[in-house]
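The lines below spell out each chain.
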Amino acid sequence: MMLKIVVGGQVDKDKLAQLVQQYGGERVQVTVKSDIEAAMDIKTKKADYYVGACLTGGGGALAMAIALLGLSNCATLSMPGKIRADQEIEAEVKSGKQAFGFTAQHAEQVLPVLMKGLLQKEEK
Amino acid sequence: MKLEERIQLLRDVGQISEDTAAATFKLLQRMAEKWQVVLTEENGAMLITHFALAWERIGKDACVEPLDAGLAAEVQADAHYPLGRRILDDWDEVLGVKIPESEKLYLAVHMCTLLTKEGKV
Chain A
-10 MMLKIVVGGQ VDKDKLAQLV QQYGGERVQV TVKSDIEAAM DIKTKKADYY
40 VGACLTGGGG ALAMAIALLG LSNCATLSMP GKIRADQEIE AEVKSGKQAF
90 GFTAQHAEQV LPVLMKGLLQ KEEK
Chain B
2 MKLEERIQLL RDVGQISEDT AAATFKLLQR MAEKWQVVLT EENGAMLITH
52 FALAWERIGK DACVEPLDAG LAAEVQADAH YPLGRRILDD WDEVLGVKIP
102 ESEKLYLAVH MCTLLTKEGK V
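Residue numbers (the numbering used here), protein chains in the order written: chain A, -10 to 113; chain B, 2 to 122.
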């Protein structure tokens, strides 16, 4: 089953989309939208998951996702100086979160773990 | 969505307080009147969203970790930084509170992006 990922957030959207596609491969379809449009895609079930980056990890990356989807549906995976452990990221995926935010500089560390978790979840 | 609606949405869902929303609207007005930059959803969403959330942090005495050193150096070397910095220092006057330096550098990144789009140096 194709996993639909929408890139929202504030910065580095094309880079995030490239990494999502790289780590998701053929099982992932990725689109890039504004943070609001991306959050709406989740809300209206046009996409399965939202990823977004900003400079602080949880601010601009998730502000509109939180506004439209609720805080309980969103997870900050990194902030300046701190990247959450792999197990914590996996736990956020397993708990049912649909929107994930992180600091732009941490994209290459966060996305492999996140994508692995999302794909494994969808296999079950 | 208009930029004003973005701010209202953040306020309505409790992401930002009424005071923060008011401060943000003040800055929209200042940018247009003093700096001749009309902020819109297209050119100002990143800057204004970041500011609104930063202002919430500042109001709660919450700190943000310093901006990545490489990115800080990059933004300070940007041709738009001197003007961006003058604008951000002006925001201190509008707000009546000095924005912490750590937050200003983050704002400077978005400000330089805005000024680049607007062609202002």
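Honestly, the hints are just simulated from the structure, not real lab data. Note that this is a predicted model, so its numbers are computed, not measured. A few of these clues could be false.
Said to hold, decoys possible - Chain B regions said to be covered by chain A (calculated; three or more residues, Cβ under 8 Å):
| id | segment |
| --- | --- |
| 1 | 11 to 19 |
| 2 | 51 to 64 |
| 3 | 68 to 75 |
Said to hold, decoys possible - Over 12 Å on every C-beta distance to chain B, these chain A residues come out as not near it, computed from the model:
| id | residue |
| --- | --- |
| 4 | V0 |
| 5 | M53 |
| 6 | Q94 |
Note that beta-carbon positions come from the ideal geometry of N, C-alpha and C, so glycine has one too.
Hints and how they fare:
no.: 1; hint: 11 to 19; result: holds (count 3)
no.: 2; hint: 51 to 64; result: holds (count 4)
no.: 3; hint: 68 to 75; result: holds (count 3)
no.: 4; hint: V0; result: 7 Å, violated
no.: 5; hint: M53; result: 7 Å, violated
no.: 6; hint: Q94; result: 6 Å, violated
The earlier numbered hints that this structure contradicts are 4, 5, 6.
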